[in-house]
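The chain contents come next:
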Amino acid sequence: MKHFTSVTDVPTPMGLIQKASAIKNDPFTNTELGKNKVMGLVFFNASLRTRMSTARAAYNLGMKVITLNVTADSWQLEFEDGVRMDAGTAEHIKEAVPVLCAYCDIIGVRSFPGLVNQKEDYAERVIHAFKDFGNCPIVNLESTTLHPLQSLTDMMTIEEYKQNACPKVVISWAPHIKPLPQAVANSFLQWSSHMDFDLTLTHPKGMELSEEFTAGVHIEQDQSKALEGADFVYVKNWSSFNNYGKIGEAPEWELTKDKLQMTNHAKLMHCLPVRRNVVISDDALNSEHSIVVSQAENRLYAAQAVLTELLNFSV
Amino acid sequence: MKHFTSVTDVPTPMGLIQKASAIKNDPFTNTELGKNKVMGLVFFNASLRTRMSTARAAYNLGMKVITLNVTADSWQLEFEDGVRMDAGTAEHIKEAVPVLCAYCDIIGVRSFPGLVNQKEDYAERVIHAFKDFGNCPIVNLESTTLHPLQSLTDMMTIEEYKQNACPKVVISWAPHIKPLPQAVANSFLQWSSHMDFDLTLTHPKGMELSEEFTAGVHIEQDQSKALEGADFVYVKNWSSFNNYGKIGEAPEWELTKDKLQMTNHAKLMHCLPVRRNVVISDDALNSEHSIVVSQAENRLYAAQAVLTELLNFSV
Amino acid sequence: MKHFTSVTDVPTPMGLIQKASAIKNDPFTNTELGKNKVMGLVFFNASLRTRMSTARAAYNLGMKVITLNVTADSWQLEFEDGVRMDAGTAEHIKEAVPVLCAYCDIIGVRSFPGLVNQKEDYAERVIHAFKDFGNCPIVNLESTTLHPLQSLTDMMTIEEYKQNACPKVVISWAPHIKPLPQAVANSFLQWSSHMDFDLTLTHPKGMELSEEFTAGVHIEQDQSKALEGADFVYVKNWSSFNNYGKIGEAPEWELTKDKLQMTNHAKLMHCLPVRRNVVISDDALNSEHSIVVSQAENRLYAAQAVLTELLNFSV
Chain D
1 MKHFTSVTDV PTPMGLIQKA SAIKNDPFTN TELGKNKVMG LVFFNASLRT RMSTARAAYN
61 LGMKVITLNV TADSWQLEFE DGVRMDAGTA EHIKEAVPVL CAYCDIIGVR SFPGLVNQKE
121 DYAERVIHAF KDFGNCPIVN LESTTLHPLQ SLTDMMTIEE YKQNACPKVV ISWAPHIKPL
181 PQAVANSFLQ WSSHMDFDLT LTHPKGMELS EEFTAGVHIE QDQSKALEGA DFVYVKNWSS
241 FNNYGKIGEA PEWELTKDKL QMTNHAKLMH CLPVRRNVVI SDDALNSEHS IVVSQAENRL
301 YAAQAVLTEL LNFSV
Chain S
1001 MKHFTSVTDV PTPMGLIQKA SAIKNDPFTN TELGKNKVMG LVFFNASLRT RMSTARAAYN
1061 LGMKVITLNV TADSWQLEFE DGVRMDAGTA EHIKEAVPVL CAYCDIIGVR SFPGLVNQKE
1121 DYAERVIHAF KDFGNCPIVN LESTTLHPLQ SLTDMMTIEE YKQNACPKVV ISWAPHIKPL
1181 PQAVANSFLQ WSSHMDFDLT LTHPKGMELS EEFTAGVHIE QDQSKALEGA DFVYVKNWSS
1241 FNNYGKIGEA PEWELTKDKL QMTNHAKLMH CLPVRRNVVI SDDALNSEHS IVVSQAENRL
1301 YAAQAVLTEL LNFSV
Chain L
2001 MKHFTSVTDV PTPMGLIQKA SAIKNDPFTN TELGKNKVMG LVFFNASLRT RMSTARAAYN
2061 LGMKVITLNV TADSWQLEFE DGVRMDAGTA EHIKEAVPVL CAYCDIIGVR SFPGLVNQKE
2121 DYAERVIHAF KDFGNCPIVN LESTTLHPLQ SLTDMMTIEE YKQNACPKVV ISWAPHIKPL
2181 PQAVANSFLQ WSSHMDFDLT LTHPKGMELS EEFTAGVHIE QDQSKALEGA DFVYVKNWSS
2241 FNNYGKIGEA PEWELTKDKL QMTNHAKLMH CLPVRRNVVI SDDALNSEHS IVVSQAENRL
2301 YAAQAVLTEL LNFSV
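Protein chains in written order, with my numbering: chain D, 1 to 315; chain S, 1001 to 1315; chain L, 2001 to 2315.
Bear in mind the hints are in silico, worked out from the structure with no lab data behind them.
Quick caveat: nothing in here was measured; it's all calculated off a predicted structure.
Heads up, the beta-carbon is just placed ideally off N, CA and C, and yes, glycines get one too.
Mixed in with the good hints, there may be bad ones.
Chain D residues, not near chain S, derived (Cβ > 12 angstroms throughout) [to be verified]: (1) 123; (2) 219; (3) 282.
Pairwise CB distance ranges (calculated) [what the hints assert, rightly or not]: (4) D/224 with S/1312: 50 to 56 angstroms; (5) L/2246 with D/88: 19 to 25 angstroms; (6) S/1217 with D/75: 48 to 54 angstroms; (7) S/1264 with L/2087: 34 to 40 angstroms; (8) L/2116 with D/283: 58 to 64 angstroms; (9) S/1032 with L/2079: 47 to 53 angstroms.
Capping the alpha-carbon separation at 30 angstroms, the derived lysine-lysine pairs in DSSO-like fashion look like this [what the hints assert, rightly or not]: (10) S/1119 with S/1024; (11) D/35 with D/119; (12) L/2037 with D/37; (13) D/257 with D/205; (14) S/1024 with L/2035; (15) L/2037 with S/1024.
Given the sequences, and given the hints that come with them, work out the whole structure.
Spelled out as structure tokens, the structure:
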């Protein structure tokens, strides 16, 4: 594995999931693998779990870590080709990325979408720039349209908690007060195609995701019907793809404990952060259904599996 | 010792002070104790000494460090129970803390008071939330009402510099241009009760501290009388407890070299940062009385003693 | 070498350049030299290369790193002597620096000029304060008038790429939209005096540097003439020294590929960040002339050579 920017970079997704589970059982078997190696964490946006779990994963492998909050620590970077840089941006990505790769052995990068221009966001130019202009492995810490570290975690968590060979997994849209990216849902669908799931996607009319990701996915617009017999309910808000970046106004889609009663004692998942009593109700999050913290803990092992593969490849 | 959030967490305060002094003499005896362990430093507020001395203490024990500036690096956290999170806070402490504990072996947290609502500040909800919702040792890096790492340092420094078995220690209020917490003074009083001090508290009328901390403490409202024969003068501003959060208007309480002449060649202490010529005069800070830099240096050994105890307990 | 704040701190500049080149060939020969040592990186201003390359250099030597963004992480520091600190600054450098030295073994500091008051900027008070009030080695990470880590890199890069014993090196002023410091150019001239260069400085009328640095340097105000036969073209903007801090209005001084045709297949250098199509044109930066990324990579080895010398001296 040369990069980890999408499931398409992963030769055998199930193999990587199993690697992550094995690391969870014994996180300190490879503390010399990253000796004399540095992980660079480049953030264009805020982060809590990703920032800390990826750093911890690097430490568990004996790597050092350098974190760069791009705007706060340095200056704005230019991504457009051929522009006269006489405004807000002080350095072009064509210089910044190879320089970062000169100081770091692996670069992780987070860059959220603007949610204004669909075409621009779905072009994934930041991730492409890092791959194109750098010569070191790139890890996607959530890009404009994908969040593969989250999805690897999610798949690993479902494998860990599933009670039967082919569980029913429902990904259910939820309300939110701000326009959020589609990245977590997109990646979840992408990774699910490699799993033995019975997958159902449910969302209000108007909140369809890109067909690039929903092709072949079972969609049920009645949330109650979708939840029937579910073994896992993955709750997530996203803003509209077709009416790009618009918030979905459907507060009745909040996931509550009542709704979980319809399921097969479903495990409740969410990538966090979650706005309580907007996205998911207190009674659901506080119930025995919720595995959101265990799921977040698995971010560490997913990241460690990814870094292990990248280090092994580059050695 | 399971946590370090107050002197009440410490089985034998004097034992911890002696441990800190021993570490100062030989800081690198335990460089393997923290192997494969990570210290998480969570800052809701600015910090210089605490940030750097605690990181250095962790390094001296072989730990790795991850620092999180909550607002700048991630997003605002919610502490209220049961609220509908449709405003400024994006993640509830009920999720954030267990997740932090999943990635870190010890968590240090700094969170200043608002100084608007006495009852709310003195409820210490941030520290309680970290203890309640996490499952890892919590270190208080200055909370709304306490600063035990500073006090451990202060006690250690007095032990180091004292010339007689029972020195006279005076804690003297000083003026300031901004409303400051009572935390340093509260903790100093709390820890002093475990020491062989002759302690005197002096402050202008109206600047009384909470009786929770002053019960049994000798208070002398005449600063000159208080300073007579003092071996140590600990200078510190705090805002009013009773007229909660109000600044005390008493510029004549600035500690000067003239006032130090009244003492028994007293050592001058302050937790820093100190506003020169507002809180303490240049001539006092530049004099042979001042041990404020040595005192600050001891922050490192105090933190290292605390982390050593927490690591030993959790092993 | 006790400090690294200027070329005047370096006993044998050429020896340090050779050390940096040797480290580039084998960066991991001294991974135990910095054991139990901490590098403190103190930033009053933004940084990308310096921040990351110096951290990486410290890691390669086995050091730990603590980074402090002064304003964001802590509070504003006071440098004036004798002032009543009743305004924006909360801590005096007289306390802050010795405290930083108590927690760190080497301190690097970056502090840009205000570019308003020439006398104040050229007094280099921040660097002097760190040397005067601290008791640990100080590394200049770019001060108000000097950037010796950049110049050590630049000299090392010229040594690496030169095709003949005494190359013609041209330092050519370039346009910019903001007032920039003179530090990179000043240091370049300072270090050049220790090299076997045929050095030419070229800039528009009015953009003269301080005679302190240009004494004895060949100045050619016609850019075309200056570039004739050049083996290296170092491009850099600076604001006016005499009309202090004013931007030079001369867009025709942008370095383009056409201008490089006049040279002897010159290598194109710049310290980065560079505003494309303002300072240097795309066609020049994208051409085979450009070595700006290799030059930036050498920042790591230059920093590692400096830290090696400082650690060896202090042992």
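task: Mind checking the alpha carbons of residue 257 of chain D and residue 205 of chain D for me, to see if they're no more than 30 angstroms apart?
output: holds (23 angstroms)
query: Minimum Cβ separation between residue 123 of chain D and chain S greater than 12 angstroms?
result: Answer for residue 123 of chain D: holds, closest chain S Cβ roughly 27 angstroms.
Verdict for residue 1032 of chain S, residue 2079 of chain L (Cβ pair) under range 47 to 53 angstroms: The hinted range 47 to 53 angstroms is violated for residue 1032 of chain S and residue 2079 of chain L, with Cβ atoms some 41 angstroms apart.
- request: Take a quick look at whether residue 35 of chain D and residue 119 of chain D sit within 30 angstroms of each other, Cα to Cα.
  value: violated (41 angstroms)
- request: Compare the distance between the alpha carbons of residue 2037 of chain L and residue 37 of chain D with 30 angstroms, and conclude whether the hinted pair is satisfied.
  value: Given pair residue 2037 of chain L, residue 37 of chain D holds - Cα atoms ~19 angstroms apart, limit 30 angstroms.
- request: Starting from the hint 48 to 54 angstroms, judge whether the C-beta atoms of residue 1217 of chain S and residue 75 of chain D obey it.
  value: holds (52 angstroms)
query: Does the claim that residue 282 of chain D lies outside the interface with chain S hold up, using a Cβ gap greater than 12 angstroms?
result: Non-interface label on residue 282 of chain D violated, nearest chain S Cβ at 6 angstroms vs cutoff 12 angstroms.
message: Over 12 angstroms from every CB of chain S: does residue 219 of chain D meet that, or does the non-interface label fail?
response: Label holds. Min Cβ-Cβ 28 angstroms, cutoff 12 angstroms.
query: Between residue 2116 of chain L and residue 283 of chain D, does the beta-carbon spacing fit 58 to 64 angstroms?
result: Given a distance of about 60 angstroms, which is inside 58 to 64 angstroms, the answer is holds.
- prompt: Range hint 19 to 25 angstroms: satisfied by the CB atoms of residue 2246 of chain L and residue 88 of chain D?
  reply: holds (22 angstroms)
field: Holds or violated: residue 1119 of chain S to residue 1024 of chain S, with C-alpha atoms at most 30 angstroms apart
entry: Measuring from Cα to Cα gives roughly 39 angstroms; hence the hint is violated.
message: A range of 34 to 40 angstroms was offered for this pair. Does it hold for the Cβ distance of residue 1264 of chain S and residue 2087 of chain L?
response: holds (35 angstroms)
Hint check: violations occur at hints 3, 9, 10 and 11; the rest are consistent with the structure.
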